[in-house]
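Please put together the full structure from these sequences, using the hints given.
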Amino acid sequence: MAKLLIRNGRVIDPASGLDKVADVFIKDGRIAAVGERLEAPGAERFDASGRIVAPGFIDMHVHLREPGFEHAETIETGSRAAAAGGFTSVCCMPNTQPVNDCATVTNYIVERARLTAAVNVFPIGAITKNSAGEALAAIGAMKEAGAVAISDDGNPVMNARVMRRAMEFAKAFDLPVINHCEDLNLSAGGDMHEGFESVRLGLRGIPSASEDVMVARDLLLAQITGARYHVAHISTRRSVQMVAQAKAQGLPVTCEVTPHHFSLSDSDMPPYDSAYKMKPPLRAGKDVAELLDGIASGTVDCIATDHAPHPGSEKMQEFERCPFGIIGLETAVGLALEKLVRTGMITLTRMIEMFTVNPARILRLDRGTLAPGAPGDVTILDLKCEWTYDANRSYSKSKNTPFDGRTFQGGPIATIVSGAVVWRRDQG
Amino acid sequence: MTKGLLGIEGLERIEIEQILDRAKDFQPLEHQPFKRLDTLRGKMVVNLFFEASTRTRTSFEIAAKRLGADAISITASGSSVSKGESLVDTLTTLAAMRPDAIIMRHSASGAPHFLARHLPTPIINAGDGTHEHPTQALLDARTILDHRESLEGLRVAIIGDIAHSRVARSNIHLMSKFGVDLVLCGPPSLLPRELGEIAPNVSLTYDIREAIRDADVIMMLRVQLERQHEAAFPATEYFQFYGLRLEHLGLAKPNAIVMHPGPINRGREISSEVADSQSSVILNQVENGVAVRMAVLEKILRD
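These protein sequence lines are chains Z and X, in that order.
Heads up, the first sequence is in this note's numbering, so the first residue is 482 and it goes up one at a time.
Heads up, the second sequence is in this note's numbering, so the first residue is 9 and it goes up one at a time.
Rather than coming from a laboratory, the hints here were simulated on the basis of the structure.
Mixed in with the good hints there might be a few duds.
Each pair of labels, with its calculated beta carbon distance range [as the list claims (entries may be wrong)]:
{"id": "1", "chain 1": "Z", "residue 1": "Asp871", "chain 2": "X", "residue 2": "Phe42", "range": "54 to 64 Å"}
{"id": "2", "chain 1": "X", "residue 1": "Gly92", "chain 2": "Z", "residue 2": "Glu551", "range": "18 to 28 Å"}
{"id": "3", "chain 1": "Z", "residue 1": "Pro751", "chain 2": "X", "residue 2": "Lys261", "range": "38 to 48 Å"}
{"id": "4", "chain 1": "Z", "residue 1": "Thr824", "chain 2": "X", "residue 2": "Lys261", "range": "51 to 61 Å"}
{"id": "5", "chain 1": "Z", "residue 1": "Gly549", "chain 2": "X", "residue 2": "Arg125", "range": "24 to 34 Å"}
{"id": "6", "chain 1": "X", "residue 1": "Pro271", "chain 2": "Z", "residue 2": "Gln722", "range": "41 to 51 Å"}
{"id": "7", "chain 1": "Z", "residue 1": "Ala641", "chain 2": "X", "residue 2": "Arg63", "range": "42 to 52 Å"}
{"id": "8", "chain 1": "Z", "residue 1": "Pro751", "chain 2": "X", "residue 2": "Gly76", "range": "34 to 44 Å"}
{"id": "9", "chain 1": "Z", "residue 1": "Asp871", "chain 2": "X", "residue 2": "Met105", "range": "31 to 41 Å"}
{"id": "10", "chain 1": "Z", "residue 1": "Ala641", "chain 2": "X", "residue 2": "Pro128", "range": "51 to 61 Å"}
{"id": "11", "chain 1": "X", "residue 1": "Gln248", "chain 2": "Z", "residue 2": "Pro804", "range": "37 to 47 Å"}
Simulated coverage check for chain Z against chain X, where a stretch passes if three residues somewhere in it have a Cβ under 8 Å from a Cβ of chain X [stated by the list, open to error]:
{"id": "12", "stretch": "680-687"}
{"id": "13", "stretch": "789-803"}
Fair warning: this is a prediction, and the values are worked out from it, not measured in the lab.
All residues carry an ideal CB built from backbone N, CA and C; glycine is no exception.
Dropping the structure here:
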């Protein structure tokens, strides 16, 4: 197998506490050595001078739409978008058609990924059959087939008793339970965050309490079950506070935030622009401030995109009829650099941690580090390059993003999976 | 206003004043035997109503015809909408026939704003969901000005299902721009507190008596059962606590006027005695609808 020598970059590997200018040598798909002036005869060379060399970024929350919704995205197109966003691994949510609720579907996704994906794809299995919130899915068999977590993302388990059983059962397989926290009775019919903007625009609101109620419930269940529990796309002030409290009590609780939730608030939406419609909705400014505090304090463990492709025709409708969700793989790192690192909110090392070792630990993935022996997944960043996002040239099949046309300073410039360069900015 | 009329919120006070003044010019026309002008001769407007409407649609149609324009009315049932065509495709198709303006009503808040971004044709909002109904607020202001010297300093109570009312939102924006002391009243589930922040000079109360006290204008809103997706308030209690009855009028200023955008539900939000009383200007509102819409059409369509 090919050899790759990444030369002279600033190597930052939070997992091993490394931050120095060095070479990274990848051989047979794995990190062989990190050090100064490495000799690697016959290796392909990548000059990373002036660049940041980090472990491959992991996005633990994406929707790849395959099987069932291939008109919106496929494992191939979604994984290419991931590569173009600097991600070497993505975890795909189970709300496909059929739902990934048994080993057959998990196997199918794993096989399609092997044949078509540009990056590593790790499936997340459903909590309940058909994500209907009633009978538990075949959780153990999905784990054996490659599932790394369970979630009924988008269709949160409303029945507390079912959630309790799922948490208990998941412990047997050491799987984290990920929940999209939304009390569906409180949020029913809502199209955007309930507050000043929804009242002004005459749109039905999704109250913050619809998230908080379920986070509170789940944290209580996590306490009695001892399960590893992860809040997906946390968006409200109170939810962040509750997770902080749970962590302080020592519960094995984690959470992720999306780039759009820490970058935008409800008042940033041009009136009735469906590129700003997602669940949870863009919240109020005070929520965004708390999310940023949570990121800075460590309450928020990782950044995940909730990449949710929808074809243009579905987003070209009356606001209330448009589906929820935006794509996010290609803009995530640029937004994190702009809103978190350049503002001084967190260090670059901390940002890399949120994209690498933290999701790897939550999902028990043997990656997210540049330690010798680890998979040869590397993300190379340039902090100075200026680039403009053109959604029409996205690798994703869908173009639903509020960040179209936005100019970023800094971002990924190359993505390396198992020692192979799968994307370079200068080569499109 | 650059193109079309999507709402009151984005209008300047001077633009509103121009429309109201021009509408006053048109008022006498209704009493003349020959009611037609030819200001907009050769222009064509399409009335596209995705929701039932009697007064607004008729009023726009009459206004267009009185100015000499051609007006075509389309209702959603029987059009391509019922064949599953998307809203944007329907509008693009109509726009290709080059009308000079499209007047539309739609059940979705923001539907005209969404279309305005994609179409070159000016769009006049005749009511979008629970958002705005700009020409209703204009005709309400015209009606108040027919009974009062100016809007400045008046106390206006808007009572009812404010949360779901596009009439209320447009009126709040309009009156606030003119220094009206505005009080909104309804049961808490229909009166989100954020409404008090959407414009200056707006206060809220859950007590109808407090709202009416010293009011110059009492504006009742229809209980919009079709827009309430759940029982936000027991229907049986509504009239008892938020319906306007004759006994309330004594709390208001002498000569206070009672308004209602219609259609009225007698015995639900307003008693028959009040609706038919001397204080009621409900039919003046309807009458002014034509004059105000003439002023709006003229402003938008005249080169």
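For the pair Asp871(Z) and Met105(X), does the Cβ-Cβ distance stay inside 31 to 41 Å?
holds, 34 Å
CB-CB spacing for Arg63(X) and Ala641(Z) relative to the 42 to 52 Å hint:
holds, 50 Å
Do Pro751(Z) and Gly76(X) keep their Cβ atoms within the hinted range of 34 to 44 Å?
holds, 37 Å
Would you say the C-beta atoms of Asp871(Z) and Phe42(X) sit inside 54 to 64 Å of each other?
holds, 59 Å
So is the stretch 680-687 of chain Z in contact with chain X by the C-beta rule, three or more residues under 8 Å, or is the coverage claim wrong?
Answer holds; 6 residues pass the 8 Å Cβ test.
Coverage of the stretch 789-803 of chain Z by chain X (three or more Cβ within 8 Å):
Check passed, 7 qualifying residues.
Taking the CB of Gly92(X) and the CB of Glu551(Z), does the distance hold inside 18 to 28 Å?
At 22 Å between Cβs, range holds.
CB of Gln248(X) to CB of Pro804(Z), is that within 37 to 47 Å?
holds, 42 Å
Within 41 to 51 Å or not, the Cβ separation of Pro271(X) and Gln722(Z)?
holds, 48 Å
Return holds or violated for the Cβ distance of Ala641(Z) and Pro128(X) against the range 51 to 61 Å.
Given about 53 Å between the Cβ atoms, the range holds.
Consistency of beta-carbon spacing, Lys261(X) to Pro751(Z), with hint 38 to 48 Å:
holds, 42 Å
Between the beta carbons of Gly549(Z) and Arg125(X), is the distance compatible with 24 to 34 Å?
Holds, at about 31 Å.
Of the numbered hints stated above, none is contradicted by the structure.
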